[in-house]
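There are 2 protein chains.
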Amino acid sequence: MARVINFNAGPSALPLAALERAQRELLDFANSGMSVMEHSHRGREYEAVHDEALSLLRELLQVPATHDILFVQGGATQQFAQVPMNFLGPGGRADHVVTGVWGEKALSEAQVVGKLQGGTARALVDAAPYHTLPETLPQDPGATYVHLTSNETIHGIQFAVQPGSDFPKAAAPLVVDMSSDLLWRPMDVSRFAFIYAGAQKNLGPSGIVVLIAHKDFLATGRKDIPKIFQYRTVAEARSLYNTPPTFAIYLVRNVLAVLKEQGGLAARERENRAKAAAVYDVIDQSQGFYRCPVDPKFRSVMNLVFRLPSEALEDQFVAEAKKAGMVGLKGHRSVGGIRVSLYNAVTLASAQTLASFMRAFIK
Amino acid sequence: MARVINFNAGPSALPLAALERAQRELLDFANSGMSVMEHSHRGREYEAVHDEALSLLRELLQVPATHDILFVQGGATQQFAQVPMNFLGPGGRADHVVTGVWGEKALSEAQVVGKLQGGTARALVDAAPYHTLPETLPQDPGATYVHLTSNETIHGIQFAVQPGSDFPKAAAPLVVDMSSDLLWRPMDVSRFAFIYAGAQKNLGPSGIVVLIAHKDFLATGRKDIPKIFQYRTVAEARSLYNTPPTFAIYLVRNVLAVLKEQGGLAARERENRAKAAAVYDVIDQSQGFYRCPVDPKFRSVMNLVFRLPSEALEDQFVAEAKKAGMVGLKGHRSVGGIRVSLYNAVTLASAQTLASFMRAFIK
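Chains as they are written, first to last, in numbering that gives the first Met the number 0: chain A, 0 to 362; chain B, 0 to 362.
Keep in mind the hints are simulated off the structure, nothing from the lab.
All values reported here derive from a predicted model rather than from experimental measurement.
No false leads were slipped in.
With a straight-line cut-off of 30 angstroms between C-alpha atoms, the simulated DSBU-like cross-links for lysine-lysine are:
| hint | chain 1 | residue 1 | chain 2 | residue 2 |
| --- | --- | --- | --- | --- |
| 1 | A | Lys114 | B | Lys114 |
| 2 | A | Lys226 | B | Lys114 |
| 3 | B | Lys104 | A | Lys226 |
| 4 | B | Lys114 | A | Lys214 |
| 5 | A | Lys296 | A | Lys168 |
| 6 | B | Lys168 | B | Lys296 |
| 7 | B | Lys104 | A | Lys114 |
| 8 | A | Lys104 | B | Lys114 |
| 9 | A | Lys222 | B | Lys226 |
| 10 | B | Lys226 | A | Lys214 |
Non-contacting residues of chain A with respect to chain B, defined by C-beta distances greater than 10 angstroms in every case (computed):
| hint | residue |
| --- | --- |
| 11 | Gly90 |
| 12 | Arg92 |
| 13 | Val100 |
| 14 | Thr119 |
| 15 | Asp139 |
| 16 | Ala159 |
| 17 | Pro167 |
| 18 | Val188 |
| 19 | His213 |
| 20 | Gly220 |
| 21 | Glu270 |
| 22 | Pro292 |
In this text, a Cβ means the ideal position worked out from N, Cα and C, and glycines have one as well.
Construct all of the structure, not just a fragment, from the sequences and the given hints.
If you want it as structure tokens, here you go:
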């Protein structure tokens with residue numbers, strides 16, 4: 000059937016051109032008579048893709064030479080454990096800014112690791128029930144790092160989302176889960192000690208995670224944990240220590256190439272802001288029919304959550320939207336309601352189609 | 000260009016029909032108007048694929064109800080650490096049968112974990128320089144588990160490869176790295192406490208690992224390690240605890256469906272033995288031109304290694320084979336020589352083409 004409009008929260012829509020390229024090359028990549036996924040990860044053909052993905056990321060995000068870019072597996076969920084395994088040693092302290100379900104999970108795993116390794120992990124801030132975010136953080140010295148989740152997909156709240164606003168200052172190196180945040184706009188990477196992001200939002204398919212980390216911070220990592228979990232192992236091997244998920248990285252390359260062709264991240268930011276505005280405007284003009292529970296200052300431009308007057312109407316909304324060719328609108332099962340994810344691959348036209356549908360649905 | 004004959008050691012050749020299906024469905028999976036990789040892992044369409052992959056594995060390998068099948072990420076290399084993290088507690092002992100480079104790596108990571116968790120890991124057998132394998136193992140009581148690598152891809156040696164032969168008996172639950180061994184033939188899964196296998200040999204693309212484990216053994220796993228690393232977490236969530244690499248699992252499903260259509264594992268074993276015999280016969284009849292360093296009893300049917308009279312001739316062999324449409328023949332950089340990987344997706348005709356080429360090359 001014809002392609003639908005896909006508002007999934009992740010795995011989510013991918014740029015059509017990136018998928019078409021993969022389809023074209025699936026049986027014969029780079030005129031090699033093989034699929035890219037049948038190539039050795041030590042071969043010239045695959046390595047060119049690997050290096051291009053890394054250099055496109057560096058170019059698009061203007062990652063400074065102080066920072067390494069790594070590819071790892073296991074999802075951001077594995078990073079909840081792997082980050083403290085690397086950095087939370089005896090006497091260390093991880094201060095977590097908990098602003099949603101993902102932040103809760105990150106803290107929980109850090110506490111398990113802390114117990115094993117002799118460090119502690121605690122909530123520096125607990126922002127439950129997650130309708131707003133702190134503008135400043137307690138400046139409590141002595142932390143090894145401060146961890147935050149820059150966009151909470153389930154609750155639809157996002158740090159530093161207002162034009163010109165910045166992330167709050169921290170008393171220690173900032174470690175940030177940017178899974179649903181990275182690559183929707185330009186940003187100052189040098190501000191962060193360690194960024195991790197599961198690809199299945201703005202970057203590619205599931206099964207691959209991007210890390211961007213300050214080399215000095217990486218160098219502080221523990222050396223007594225298994226080699227496969229040490230970030231230095233991955234960094235030294237250019238993310239080829241063991242067999243990487245080659246096809247997933249190939250798709251990330253395809254997505255990044257499309258982003259560049261579309262004018263890079265400044266163009267993305269303009270379009271992403273216009274997409275979010277199209278939907279939030281309907282909410283704000285609906286005289287309470289649609290209600291967004293989020294503090295307007297921190298309304299996410301990636302994941303827009305709202306409620307209707309009843310759950311029955313929400314079900315009807317999802318069902319009628321589906322008939323109109325729009326899927327992925329059901330809110331996360333833990334909070335209910337509606338969620339609209341507007342990652343890079345969702346076009347402005349798609350957001351406008353949804354906005355029109357929302358206006359019509361009121362009547 | 001036309002598809003080449005691909006003897007890569009992994010990532011490696013995939014069945015053409017599995018790739019063609021992926022190509023056909025890449026933009027519109029299951030008449031949903033989306034690629035499978037754009038679907039939510041919590042949605043009906045993806046879950047059907049996930050469940051089909053699991054049930055095809057269970058059917059093809061006749062996995063008994065005593066055993067769980069899991070999908071995890073990070074490659075077999077991550078399992079080198081994750082297995083002892085789960086099972087090697089204070090006072091525990093992991094006895095490793097070291098029969099090659101991969102076995103060395105598994106022992107090395109287990110020793111690191113042992114140090115962290117208060118257990119020990121040691122070489123029960125060290126078979127260096129890895130040209131033969133032990134037929135029996137020292138029956139040393141007190142081990143928590145015995146670990147072995149059933150096929151060493153670099154050295155071309157394989158346990159239980161002779162028809163009717165069996166794996167050696169162990170004094171403790173057997174944990175086996177079957178990355179380049181699983182699925183080339185039927186086998187008695189009940190014999191093993193824990194099997195792990197990176198997919199990029201007989202199963203699918205890189206980025207996905209299959210685990211087959213006895214439920215009782217899984218239940219002995221530690222509960223004080225991060226949740227994401229506990230196998231029970233994965234088992235309880237049907238391998239959907241966090242976002243799995245959906246497209247990789249979809250491809251595994253495609254490969255398994257092809258295997259079933261081709262007559263299952265008994266048919267695979269017949270063809271795989273014929274393929275290996277075609278190449279070994281040339282070696283044995285070459286009057287020493289080709290020399291296989293492996294004890295004939297343990298010559299691998301998956302990875303066939305041999306030398307030529309000089310490195311210059313080996314280079315020439317690889318170059319001329321490439322001109323004849325055959326790639327992936329260079330031995331691992333750590334041992335040199337030639338390596339021919341004959342995983343399921345390599346046809347008998349391809350092995351015969353190589354055998355003819357080898358005969359002609361002598362002259």
